[in-house]
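J.: Chains as they are written, first to last, in the numbering used here: chain B, 1 to 119; chain Y, 1 to 111.
Because the hints were derived from the structure by calculation, they are not lab data. Some hints here could point you the wrong way.
Said to hold, decoys possible - Partial list, derived from the structure: chain Y residues whose beta carbon lies under 8 Å from chain B: (1) Phe34; (2) Ser49; (3) Phe61; (4) Tyr71; (5) Leu88; (6) Phe101; (7) Gly102; (8) Thr103.
Only a predicted model underlies this, so the values are computations on that prediction, with no experimental measurement involved. Just so you know, even glycine gets a beta-carbon here, dropped at the ideal spot from N, CA and C.
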Amino acid sequence: GAVVSQHPSRVICKSGTSVKIECRSLDFQATTMFWYRQFPKQSLMLMATSNEGSKATYEQGVEKDKFLINHASLTLSTLTVTSAHPEDSSFYICSARGQDRASGANVLTFGAGSRLTVL
Amino acid sequence: QKEVEQNSGPLSVPEGAIASLNCTYSDRVSQSFFWYRQYSGKSPELIMSIYSNGDKEDGRFTAQLNKASQYVSLLIRDSQPSDSATYLCAATTTGTYKYIFGTGTRLKVLA
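Given the sequences, and given the hints that come with them, work out the whole structure.
T.: Below, the structure is given as C-alpha cells:
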C-alpha cells in the first residue's frame, strides 16, 4: 500500500531561521501532494497543493513567500518555513494520494508529521 | 454552513459498547467520504472510505452514507480503550482531489 515518509519528525529552531520539511512517497509516484497544518486541539487545515513540475497552489490566507513548496520529482515535495516565528509553531503534515491496498482505491495517505517549535 | 461538520465531543462510551460518530456535509463536497483516526500527537490514518449510499463494513467498523440527508456516520462495535482517539471525517471537493476535514470528534472508551 501507499507509504509516505516525512522528515524530520521534530524540529526546534530559533526565531528568524528557516526550516525545511521533506515528504517522500516511498512506493508510488505522487504527482500531487498536500501540505496541512494542525494547531493543538484543532483540525487539519490545508495549506497548499504541491504539483510536480509546477508551482504550488496555496489556500487563501497562506503566505506563499513564507511557506515555500517545491515538488521537484514525482516522489519528493519539500516545505520550507522561511524566517520562522513562534506563531509558526505547529504540526505540519504532508499527504499524497496513493492506492489503498485493501480497496484498491486511491486514498489520501499521510506522512507521520513534523512538529515545529520556534523559540 | 461548513463543508464538513462534526460534533467535537468528547463522546464517551463504555468498553464493549457501540460508538456512533456522525458527520454532515454541504453541497460543495463530492460524493467521496473518508473516516480517519488520529491519536494525540500523531498523523491521521485511514479507517474507511465510502462512495455509495448505504453501509460498508470492515471488521468492527461500519460506515454509513446517506446522500439524501447529506450525512455520513461511523459505527465502532465492541469499542475498546485503544479506540480512544479523534475521528476525522473528510470529503473531497467537487472536481478536485482536495480533501476537506471536519474538526474531528474525540472518542473516549472507558474501561
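J.: The structure should be examined with respect to each hint, and the outcome stated for every one.
T.: Each hint, compared with the structure:
At its closest, the beta carbon of Phe34(Y) sits 7 Å from a beta carbon of chain B; the interface hint therefore holds under the 8 Å criterion. Because the smallest distance between the Cβ of Ser49(Y) and any Cβ of chain B comes to about 6 Å, under 8 Å, the interface hint for this residue holds. For Phe61(Y), the suggested interface contact is broken, since its CB lies about 12 Å from the closest CB of chain B, more than 8 Å. With its C-beta approaching chain B no nearer than about 18 Å, Tyr71(Y) sits outside the 8 Å limit, and its interface hint is violated.
A least Cβ separation of about 7 Å between Leu88(Y) and chain B falls short of the 8 Å threshold, and the interface hint therefore holds. Taken as an interface hint, Phe101(Y) checks out: its beta carbon lies about 5 Å from the nearest beta carbon of chain B, inside 8 Å. Annotation: interface hint on Gly102(Y) holds; nearest CB of chain B at approximately 6 Å, less than 8 Å. With 8 Å as the threshold, the beta carbon of Thr103(Y) comes within range of chain B, its nearest partner Cβ sitting at about 4 Å, so the hint holds.
Checked against the numbered hints given earlier, the structure breaks hints 3, 4 and satisfies all the rest.
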